[in-house]
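Residue numbers (numbering that gives the first Met the number 0), protein chains in the order written: chain Z, 0 to 224; chain U, 0 to 250.
Derived from the structure by calculation, the hints contain no laboratory data.
There may be inaccurate statements among the hints.
What the hints assert, rightly or not - SDA-like mimics (lysine to any residue), calculated; alpha carbons at most 20 angstroms apart, straight line:
{"#": "1", "chain 1": "U", "residue 1": "K173", "chain 2": "Z", "residue 2": "S102"}
{"#": "2", "chain 1": "U", "residue 1": "K173", "chain 2": "Z", "residue 2": "W100"}
{"#": "3", "chain 1": "U", "residue 1": "K25", "chain 2": "U", "residue 2": "D14"}
{"#": "4", "chain 1": "U", "residue 1": "K245", "chain 2": "Z", "residue 2": "S102"}
{"#": "5", "chain 1": "U", "residue 1": "K113", "chain 2": "Z", "residue 2": "N85"}
{"#": "6", "chain 1": "U", "residue 1": "K18", "chain 2": "U", "residue 2": "A55"}
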Amino acid sequence: MSGFLNSSIGRKVAMALSAFFLMFFLLQHFAINILSVFSPELFNEVSHFMGTNPLIQFALQPVLIFGVVFHFVMGFVLEIRNRKANGVKYAQNNGAANSTWMSRNMIWSGVAILAFIILHFIDFWFPEINTKFVNGDWSGTMEGVEGYRYYEELVHKFASPIRVGAYVIAFVFLALHLLHGFTSAFQSMGGTAGRKKTLQTIGKAYSIIIPLGFIFIALYHFFNH
Amino acid sequence: MDNMNLTLKIWRQKDQSSKGQMVDYKVTDISEHMSFLEMMDVLNEQLVNSGEEPVAFDHDCREGICGMCSLYINGEAHGPDRGITTCQLHMRMFNDGDTITIEPWRAAAFPVIKDLVVDRMAFERIQQAGGYISVNTSGNTQDANSLPISKIAADEAMDAAACIGCGACVASCKNSSAMLFVGAKVSQYALLPQGQVEATERVKNMVAQMDLEGFGNCTNTGACEVECPKGISLDNIARMNREFMKANVKG
Ligand code: HEM
Ligand code: SF4
Ligand code: FES
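The following block holds chain Z by itself, in its conformation from the complex (with noise of 0.2 angstroms):
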């Protein structure tokens, strides 16, 4: 295993797995903060499930943090190296020639989205751990509200302009990543179907609309207040 990690397709393989538990941890997180919209009871339920459940927090959660560091890592192992390989620049370079400006740039657009679960952890994961794990409060709840505390502190965090802007330049930068990745994985991962008018189609829907309705999210919560 150790060898077909360092070989170059090892590499790229382990690339797209981490990206597909991703994209399919983004569409789980999705159907979660949409609930806050529509039903700010049913949030706060799922969300106090989701912070509580032994299960999700002790061995799903580590999971996570691990397929996002594992990620971002391998795409900075990968980038050191293809610039290594790239030896001398050329002095003219027509890249718009023969490929997407987010296929030569995911190191950016992931760069981007980087900072953006820096500042996601900042705002949202630390005061969870600290509350649960350093305060021992696995109550859900918190004074002056009523009922869980999750849907409040949502609504507290959207009220701040700068912070609803960078989350929103944040996920046009996802949406980037993901118009390339999303059909690059299944060819990495030896598929052609990526290739394909469905899989494109599909792929297209999921990197515009998700995105997007993150982005829906934050503004509604912002606009609301």
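Since the structure of chain Z is already known, use the hints to place chain U with the ligands on it.
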């Protein structure tokens, strides 16, 4: 159309260890019917007549089958046209007064030997690592039709075998990945019964050699497929990836 006067910006480099630079030249009275290499011949004749060192560039068949001619022209491998090598590129693709930038293939695994000539022996070594089948050719050749092969497999194998090893895929790739070339060479055998016997070792050894030579990792930009003079499909890279995974599962 009247004949063209052109400015050429060409990479000049004395030898592998020297530092190179872009140098400007003027050529006049170039016919639109000339091939790009004939235009280069005109330039070189001019240089020789004035006692200067001619520009070194690779070429051999000059009819698009040997894969020797290279050249990165105006930011694209084999220039602006599609499905052709540089020897098949016509000067009618350019206009009077144009400035044309001409560079060698760029990849760490393709070092410049002189001017526009690069060392593509890395491809040769990848081929030697497994791009063959071991058969006895000592006179007892069996009838070709004794092995049934589907028309689809035969066609796809033939398409893959069209690769002329020119290296335009590597030159166009932002990662200098050789996966289109290696994918074609692996596929050509993977699709045919004769290739099955050594299939596991072949893909493992060729990919190992490809990595050893310092080619990059494919990120599926698809630039190679667009610039390939022989229309080698990205499907061949996917097939190589499948073959490689299969080979690694087998051990
Ligand atoms: C954390 C920051 C991230 C960084 C630095 C990053 C970086 C990269 C890079 C450099 C690639 C190209 C690698 C290659 O093709 O060899 C890539 C591919 C990909 N990424 Fe990301 N990425 C990040 C986050 C994400 C997220 C959150 C998702 C999905 C929700 C995602 C989905 C994909 C997909 C689908 C691919 C294509 C995989 C393939 O071609 O095999 N990435 N990423
Ligand atoms: S795959 Fe195409 S571009 Fe690459 S070496 Fe073969 S013929 Fe040339
Ligand atoms: S010189 Fe042979 S392909 Fe161009």
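Hints, verified against the model:
{"no.": "1", "hint": "U:K173 to Z:S102", "in the structure": "holds, 10 angstroms"}
{"no.": "2", "hint": "U:K173 to Z:W100", "in the structure": "holds, 12 angstroms"}
{"no.": "3", "hint": "U:K25 to U:D14", "in the structure": "violated, 23 angstroms"}
{"no.": "4", "hint": "U:K245 to Z:S102", "in the structure": "violated, 27 angstroms"}
{"no.": "5", "hint": "U:K113 to Z:N85", "in the structure": "holds, 19 angstroms"}
{"no.": "6", "hint": "U:K18 to U:A55", "in the structure": "holds, 16 angstroms"}
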